[in-house]
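**Student:** Below are the chains, spelled out letter by letter.
There are 2 protein chains.
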Amino acid sequence: MLIEFLMETIQYNLPQSRIPLAWYNIAADLPKPMAPPLHPGTLKPIGPDDLAPLFPMGLIMQEVSTEREIEIPGEVRQLYAQWRPSPLFRARRLEKALDTPAHIYYKYEGVSPAGSHKLNTAVAQVYYNKKEGTKHISTETGAGQWGSAVAMACAFFGLDCKVYMVRVSYDQKPYRRALMEAFGASVTASPSNETESGRAILKAHPDSNGSLGIAISEAVEIAAMDPHTKYALGSVLNHVLLHQTVIGLEAIEQMELADDDPDVIIACAGGGSNFAGLAMPYLGRKIKGQSKARVIAVEPAACPSMTKGKFVYDFGDTGHLTPLVKMHTLGSTFVPPGIHAGGLRYHGMAPLVSHVLDLGLAEATTVQQLDAFAAGIQFARAEGIIPAPEANHAVAEAIAEAVRAKEEGKQRTILFSLSGHGHFDMQSYIAYQAGKLENYEYPEEEIAMALAGLPAVG
Amino acid sequence: MLIEFLMETIQYNLPQSRIPLAWYNIAADLPKPMAPPLHPGTLKPIGPDDLAPLFPMGLIMQEVSTEREIEIPGEVRQLYAQWRPSPLFRARRLEKALDTPAHIYYKYEGVSPAGSHKLNTAVAQVYYNKKEGTKHISTETGAGQWGSAVAMACAFFGLDCKVYMVRVSYDQKPYRRALMEAFGASVTASPSNETESGRAILKAHPDSNGSLGIAISEAVEIAAMDPHTKYALGSVLNHVLLHQTVIGLEAIEQMELADDDPDVIIACAGGGSNFAGLAMPYLGRKIKGQSKARVIAVEPAACPSMTKGKFVYDFGDTGHLTPLVKMHTLGSTFVPPGIHAGGLRYHGMAPLVSHVLDLGLAEATTVQQLDAFAAGIQFARAEGIIPAPEANHAVAEAIAEAVRAKEEGKQRTILFSLSGHGHFDMQSYIAYQAGKLENYEYPEEEIAMALAGLPAVG
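Going down the list, the protein sequences come from chains A and B.
Residues 44 to 501 in the working numbering are what the first sequence spells out, letter by letter.
Residues 44 to 501 in the working numbering are what the second sequence spells out, letter by letter.
Read the hints as simulated data drawn from the structure, not as lab findings.
Computed from a prediction, not measured in an experiment: that's the story for all the values here.
One should not assume that every hint holds.
Note: identical chains are not told apart, hence a pair may lie in one copy or across any two.
[As the list claims (entries may be wrong)] For lysine to aspartate or glutamate, the following EDC-like pairs were computed, each having C-alpha atoms within a straight-line distance of at most 20 Å:
| hint | residue 1 | residue 2 |
| --- | --- | --- |
| 1 | K335 | D304 |
| 2 | K173 | D304 |
| 3 | K75 | D250 |
| 4 | K173 | D203 |
Using the sequences and the hints, build the whole thing.
**Tutor:** Below you can see the structure in the form of structure tokens.
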């Protein structure tokens with residue numbers, strides 16, 4: 044007879060039946076509504092019809108909805124079951140390595156076959172497009188996580204997929220490109236000669252490394268020109284953030300399984316969807332007085348939209364094809380330094396995330412590139428999983444919080460989002476370990492210039 | 044009130060408490076014992092002491108044990124909980140794509156942070172080494188899966204790790220190397236100038252691509268020379284196969300959850316540990332009359348040890364430093380063609396797997412390289428997961444079996460091992476999609492030469 048050794052629980056997992064039935068829409072619970080997006084010509088609030096050339100109506104209605112619960116279609120839940128509910132880990136080995144009294148939990152989205160949280164919204168977006176007859180999806184990708192997710196979702200639903208990939212990633216990440224191509228997507232380096240936006244940039248800067256803002260312009264442009272092509276965005280918009288709330292909804296149940304309650308909730312934020320996914324369901328509870336957790340969005344020091352940007356109306360893209368949205372921004376013409384967390388290189392922050400920061404429901408902090416990678420290596424050696432460079436920012440802040448807990452001699456429960464693995468980002472770890480990465484100072488002058496060019500609105 | 048859409052179950056998962064308490068040792072149930080390993084000098088059966096320079100006694104005793112259940116130490120089970128029990132998927136989307144009446148299940152070992160089944164034995168081996176005072180582990184890696192697993196296990200237990208990586212992989216797979224280095228391992232291309240075995244090969248073939256057989260010689264040589272250094276092997280040996288039986292033990296429970304029973308069990312086999320991991324617990328039931336499943340080991344057409352080799356005594360390595368073992372072999376001097384499933388490029392097959400094939404308990408088949416990759420792409424587009432090139436061999440056979448079921452109009456339950464993901468093998472997919480891969484004919488002449496050089500034993 045074998046006696047069972049008393050084990051510590053590592054994963055708090057839910058069965059397939061606990062995949063949420065509905066996404067959570069915090070708009071229903073906000074103490075003050077968000078500022079509306081404006082038409083860049085008229086400066087009047089835009090309506091659903093203004094967005095119709097780019098998105099299917101199912102998504103547009105979610106974009107403007109104030110319903111608290113938005114039902115997840117059965118087909119989307121069925122696809123979620125390929126990887127959801129995602130695991131919640133207690134980082135016991137990391138806690139021991141840090142010798143901290145803090146409890147550290149992480150919600151791990153890297154189990155998605157695309158390797159990150161991005162697939163949560165990609166399958167939803169492609170589903171609504173398919174339902175309304177869209178044949179082709181155009182999109183952009185920086186780090187490659189979003190492009191991989193859209194390529195995969197299009198393969199699942201049988202739609203064509205066109206990805207504009209930021210030039211520097213296109214060159215640095217051939218494996219990412221190969222993954223998208225394995226799923227049948229067509230991948231083009233951006234800026235490209237295929238669009239007016241791309242050609243304009245190439246004319247001024249023939250060697251442009253590209254940026255997310257430029258790639259967005261290209262993908263939007265080709266969608267606007269063809270009625271069978273729609274555009275898919277991987278972050279920033281309300282409906283994208285909405286789809287990610289499955290992360291936080293599951294985490295709330297899993298933390299109950301663990302019989303623990305987070306004092307601090309941490310997630311990295313580039314466009315804001317990963318942060319919103321974990322945070323919004325908790326912020327809904329906070330608004331209702333059911334949670335006192337500090338909620339922290341972490342951004343790179345090199346691209347500090349939340350901590351150094353202005354909360355004003357700006358364009359979502361460099362080519363100024365999008366509506367004007369009120370958000371924390373560094374200026375839509377600002378091209379962030381070439382940090383290795385490509386998913387965090389965006390000049391703005393989701394209007395919804397900006398709004399909850401402005402309301403004081405959440406706070407923001409920055410992490411330097413070298414600290415992020417050092418944290419990632421420390422995490423990997425304890426927990427095994429090698430995080431994506433973006434996720435390293437959350438890891439660094441979680442470790443810093445656990446160290447503070449030790450210094451103060453106080454227990455504290457930390458929950459963070461490990462939004463993806465770094466399997467396709469190993470060139471960044473190679474560069475880090477070879478001592479080739481650097482920290483970036485706040486790019487003050489460029490940001491001042493970009494902010495000076497902001498449209499005078501609101 | 045939201046109504047739940049009737050979902051099909053995709054994953055059949057077990058809680059942490061169902062991680063097996065013991066590994067299953069089929070030696071206890073074999074109708075005929077295996078031929079013993081022989082000392083290459085005396086040609087007499089070797090004893091535990093002969094292996095002591097290379098392995099800790101805890102592993103040596105497992106190597107020769109005939110106990111049916113060997114308890115998994117609590118610390119090893121605790122580490123297993125970082126990723127185990129691994130999921131069992133029903134490949135419903137693939138079934139629909141194939142329009143087959145077959146039920147297809149896969150046991151997915153890619154959830155291990157090392158990305159494959161290899162971590163199951165790596166943590167066990169490093170645990171026993173740590174317990175007996177080993178300071179350094181030396182090993183070899185071909186595809187990189189084994190090296191990654193050992194590097195990770197050494198980081199978990201605080202041991203130094205030295206990996207001899209087959210030259211062609213070292214050059215082709217910088218991400219794999221980076222992963223091992225992120226976990227603190229020292230990685231050297233093999234053949235190297237660090238060992239006599241390596242120098243001998245380099246003298247004869249200065250541009251040698253290396254092979255698993257050569258890299259094993261190098262790793263064994265440095266372990267034999269230093270009392271604080273032990274050697275770890277990722278396949279072939281009984282104790283390695285034993286550790287992998289957690290795969291099959293969990294799968295048996297999970298198939299019960301699914302209320303289904305496999306008619307066909309499929310796994311790829313290079314050294315044999317992945318195959319043994321899934322198959323041995325089922326073969327134990329087959330011996331007792333509790334299962335009638337066909338059990339199929341799949342090998343590459345370019346390195347067909349089971350289907351074209353001889354079942355005779357041979358060396359495990361190219362440098363002839365190991366004992367002689369009775370196995371299916373293509374000859375220890377045979378260097379397999381440079382197929383992209385590096386983990387299947389081994390001249391021999393585990394003695395235990397060879398023995399169950401010889402007893403007629405299992406059968407073997409081959410898959411060509413292009414068919415393997417085509418199957419991998421088809422699988423990925425349906426299921427999302429992009430398989431390791433090795434695992435593609437099992438995918439191809441599972442698909443072929445499902446297609447036969449359709450042609451015969453018969454239901455059939457297929458269970459296969461998806462031993463790892465292909466995230467670190469995307470250069471192979473790039474080459475495949477660019478049309479640069481080829482099939483290999485059975486390398487008849489080279490194998491005849493290598494077999495002619497076999498030692499005359501038994």
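**Student:** My question is about K173 and D304: at a cut-off of 20 Å on alpha-carbon distance, are they close within one copy, between copies, both, or neither?
**Tutor:** For K173 and D304, the Cα distance exceeds 20 Å both inside one copy (39 Å) and across copies (37 Å).
**Student:** I want to check one pair: K75 and D250. Are their C-alpha atoms no more than 20 Å apart within a copy, between two copies, both, or neither?
**Tutor:** neither (45 Å within a copy, 70 Å between copies)
**Student:** Please sort K173 with D203 into within, between, both or neither, judging by C-alpha distance up to 20 Å.
**Tutor:** Close inside one copy (11 Å), not across copies (53 Å); limit 20 Å.
**Student:** Regarding K335 and D304, is the shortest C-alpha distance of 20 Å or less found within a copy, between copies, in both, or in neither?
**Tutor:** Classified as within: same-chain Cα gap 10 Å, cross-chain 50 Å, threshold 20 Å.
In the structure shown, a violation is registered for the earlier hints numbered 2 and 3, in ascending order.
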